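Listed in order, the protein sequences are those of chains U and P.
Our numbering numbers the first residue of the first sequence as 1 and each following residue consecutively.
Our numbering numbers the first residue of the second sequence as 1001 and each following residue consecutively.
These are calculated hints, taken from the structure and not from any lab test.
Computed from a prediction, not measured in an experiment: that's the story for all the values here.
Hints should not be assumed to be uniformly reliable.
Said to hold, decoys possible - If you want a taste of the chain P side facing chain U, the calculated C-beta under 8 Å gives, among others:
{"hint": "1", "residue": "L1097"}
{"hint": "2", "residue": "A1125"}
{"hint": "3", "residue": "T1152"}
{"hint": "4", "residue": "L1154"}
{"hint": "5", "residue": "I1157"}
{"hint": "6", "residue": "D1158"}
{"hint": "7", "residue": "T1161"}
{"hint": "8", "residue": "Q1167"}
{"hint": "9", "residue": "I1168"}
{"hint": "10", "residue": "G1172"}
{"hint": "11", "residue": "T1175"}
{"hint": "12", "residue": "P1183"}
{"hint": "13", "residue": "G1202"}
Stated by the list, open to error - Short derived list, chain U residues pointing at chain P, Cβ under 10 Å:
{"hint": "14", "residue": "P30"}
{"hint": "15", "residue": "R71"}
{"hint": "16", "residue": "P74"}
{"hint": "17", "residue": "L88"}
{"hint": "18", "residue": "P90"}
{"hint": "19", "residue": "V104"}
{"hint": "20", "residue": "A105"}
{"hint": "21", "residue": "F327"}
Each residue gets a CB set at the ideal place from its N, CA and C atoms; glycine is no exception.
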Amino acid sequence: MAEPFLSIQHVRKSFGATTVVEDFNLDVAPGEFVSFLGPSGCGKTTVLRMVAGFEEPSAGKIVVGGKDITRLKPNQRNVGMVFQAYALFPNLTVAQNIGFGLKVAGMSKAAIDSRVAEMLDIIKLPQMADRYPYQLSGGQQQRIALARAIAPKPKLLLLDEPLSALDAKVRVSLREEIRSIQKKLDITTIFVTHDQEEALSISDRIAVMYGGKAEQVGTPFEIYNRPATKFVANFVGTLNVLEGKVTDAASGKVQVNSQEVSLKGKLNGSKSGDTLSLALRPEAISLGRQPGHDASLSGEIAEVHFLGSVIRVRVGIGGNTVSLDTFNNSTTPPPVVGDKADISFSSGDMLVLH
Amino acid sequence: MKSGRFWAWVVFALGAAYFFIPLIATVEFSMRMRRGAYSFDAYQIVLGDARFQATFMYSVVAALFTIILGVLIVVPAAYWIRLRLPQLRPIVEFITLLPLVIPAIVIVFGYIRMYGSNSPLPFLANDTATNALLVIGYATLSLPYMYRAVDTGLRTIDVRTLTEAAQILGAGWSTIITRVILPNVLIAVLSGAFLTFAIVIGEFTMASLLNRPAFGPYLQNIGANRAYEPAALAIIAFAITWGCMSLIQILSRFAPKSANRPN
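Work out the full structure, taking the sequences as your base and the hints as a guide.
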């Protein structure tokens, strides 16, 4: 990575005896869009609030553009932030809200007016300048909050679950808009979310957090396809987890319900006789033996759900159940519960979880 | 259901009669100064009295200073308690209720003992300092109303997030309070202010014992020596109080709109 623009170094945060963030480290490149993804209580918002200056780290430091900002007050950091609850000032119009930071900075009225107009154009709401927040929809309010955050040209943009309060359709359109504005302005951005689809769809990199730590930091592709831990594998996407036993560590052979699968040296130091958790994404599995799939397991159809274009099938393999989707084909009837069935997959798609 | 509504109206009528009959009787009595005919003579005498004008103006000025002092103390205190010290709220609420429990006469005797001419803070040494002490006393008496009004106003806005949004945009504490918090609780502050005004205009004990020429002692003095004028004064004082309450209602229409108050 080039010289990081934001560097979070060994940051820890405790509230009394409770440690909510433990030894958190992350370097963010200039212009990069990084998401903190994790369940409630994992510490993602606390890290963001420490970057903003609303919480002081118990240990560690935060560096932005080469300058240590750990002890600076929020109003001295030149950071923009968008809150989950919009946080527009109810007594000010849209234009006054967007111009708030510029006025505080002492800019002239002409310069403020010009910048506010520019921001309204960027968020595609030029006709809303004189409205009050209560006259706007949730999506419009959050766009205004975004414009207000970026109007003073902050060095860093922090987004604290900005889409959580919006309905599904607006969420999708606004997240794309946020990403497009971020790219256009080339502003380094941290985005906090608990929604994996949001994080996967708009991030350059994702830090998956759990228990106050970053479990894995990587591109969406890496996070989804090569999860480093069991938590990441379970949290991101749908996953089938199978219990297996190493039969020959040297050649990567594993037994699942008395059926052997060769993992081609992916056992990461496991010994023969060890029990492993093996994971497969539903989209990596086919019903029946398919060309190009070098591994297969036999089982019995346990459940069939006809969903129209897709048929969701659950196959029991001993004590394990594997879920997979097949496309509906009008000439082929869906499988029948209780029938014997094989599933096949590429051994390269099977993940060993730690 | 119909029977329930009937009794509800009966209770309402009894309550209304309890409040309005004495009021109507007082109005009627205040207009009987001229023998054999209703007139506003008592009102003309009261409003034309130089002492009425002087004492009323004194109390109005005292009320304005009390409101300013109350706002300066209560708004930052209530804001800070909501933002940073929510655990102190029960204690502060108890303290603000004390003026309702401790009689004004006890408070003012305490002042007289504490701030006599031999005290390091000799508030009773001259008229200006005594006026200031009276305003401080009034601010204490109005504390339960002012604090509750402001606290209720703060409850309708997300104090913490608005504060943080202003902070991250570069605002300092004075900007946050004057441009973000105060405008959004202005109606609540005005409610507290008008309640304070109503209390100060009619207050007797403190003004009398501190020997200040306020409206309350004047009311008492007139009441003790005249027949019709006290009734007219009571109605005038009542009209002023109702005027204040109406102003709260009118001004609340101009409050900043929010998701909580869309209309």
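Taking the hints in turn, this is what the structure says about them:
With its C-beta approaching chain U no nearer than about 30 Å, L1097/P sits outside the 8 Å limit, and its interface hint is violated. Hint status for A1125/P relative to chain U: violated, with the closest Cβ pair at about 44 Å, above 8 Å. Because the smallest distance between the Cβ of T1152/P and any Cβ of chain U comes to about 16 Å, over 8 Å, the interface hint for this residue is violated. Annotation: L1154/P was flagged as interfacial toward chain U, and the flag is violated, the nearest CB pair being 13 Å apart, outside 8 Å.
Here the hint on I1157/P is kept, as its CB sits about 7 Å from the closest CB of chain U, short of 8 Å. Against a cut-off of 8 Å between C-beta atoms, the interface hint on D1158/P holds, since the closest Cβ of chain U lies about 6 Å away. With a least beta-carbon distance of about 4 Å to chain U, the hint placing T1161/P at the interface is held under the 8 Å criterion. Here the hint on Q1167/P is kept, as its CB sits about 4 Å from the closest CB of chain U, short of 8 Å.
Among the interface hints, the one on I1168/P holds; its C-beta lies about 5 Å from the nearest C-beta in chain U, closer than the 8 Å criterion. The beta carbon of G1172/P is positioned within 8 Å of a beta carbon in chain U (closest approach about 6 Å), and the interface hint is therefore held. For T1175/P, the interface hint holds, the least distance from its beta-carbon to any beta-carbon of chain U being 6 Å, beneath 8 Å. For P1183/P, the shortest C-beta to C-beta distance to chain U is roughly 4 Å, which falls under 8 Å, so the interface hint holds.
This hint is violated: G1202/P has a C-beta 33 Å from the nearest C-beta of chain U, more than the 8 Å allowed. Given the 10 Å rule on beta carbons, the hint for P30/U is violated: about 20 Å separates it from the nearest Cβ of chain P. Violation of the interface hint for R71/U is found here, the shortest Cβ-Cβ separation to chain P being roughly 15 Å, above the 10 Å cut-off. Of the supplied interface hints, the one on P74/U holds, with its beta-carbon coming within about 4 Å of a beta-carbon of chain P, less than 10 Å.
Proximity of L88/U to chain P holds as hinted, the smallest CB-CB distance being about 8 Å (cut-off 10 Å). Given the 10 Å rule on beta carbons, the hint for P90/U holds: about 4 Å separates it from the nearest Cβ of chain P. Proximity of V104/U to chain P holds as hinted, the smallest CB-CB distance being about 4 Å (cut-off 10 Å). With a least beta-carbon distance of about 6 Å to chain P, the hint placing A105/U at the interface is held under the 10 Å criterion.
Interface restraint check: F327/U against chain P, minimum CB-CB distance 45 Å, threshold 10 Å, status violated.
Comparing the model with each numbered hint stated earlier shows that hints 1, 2, 3, 4, 13, 14, 15, 21 do not hold.
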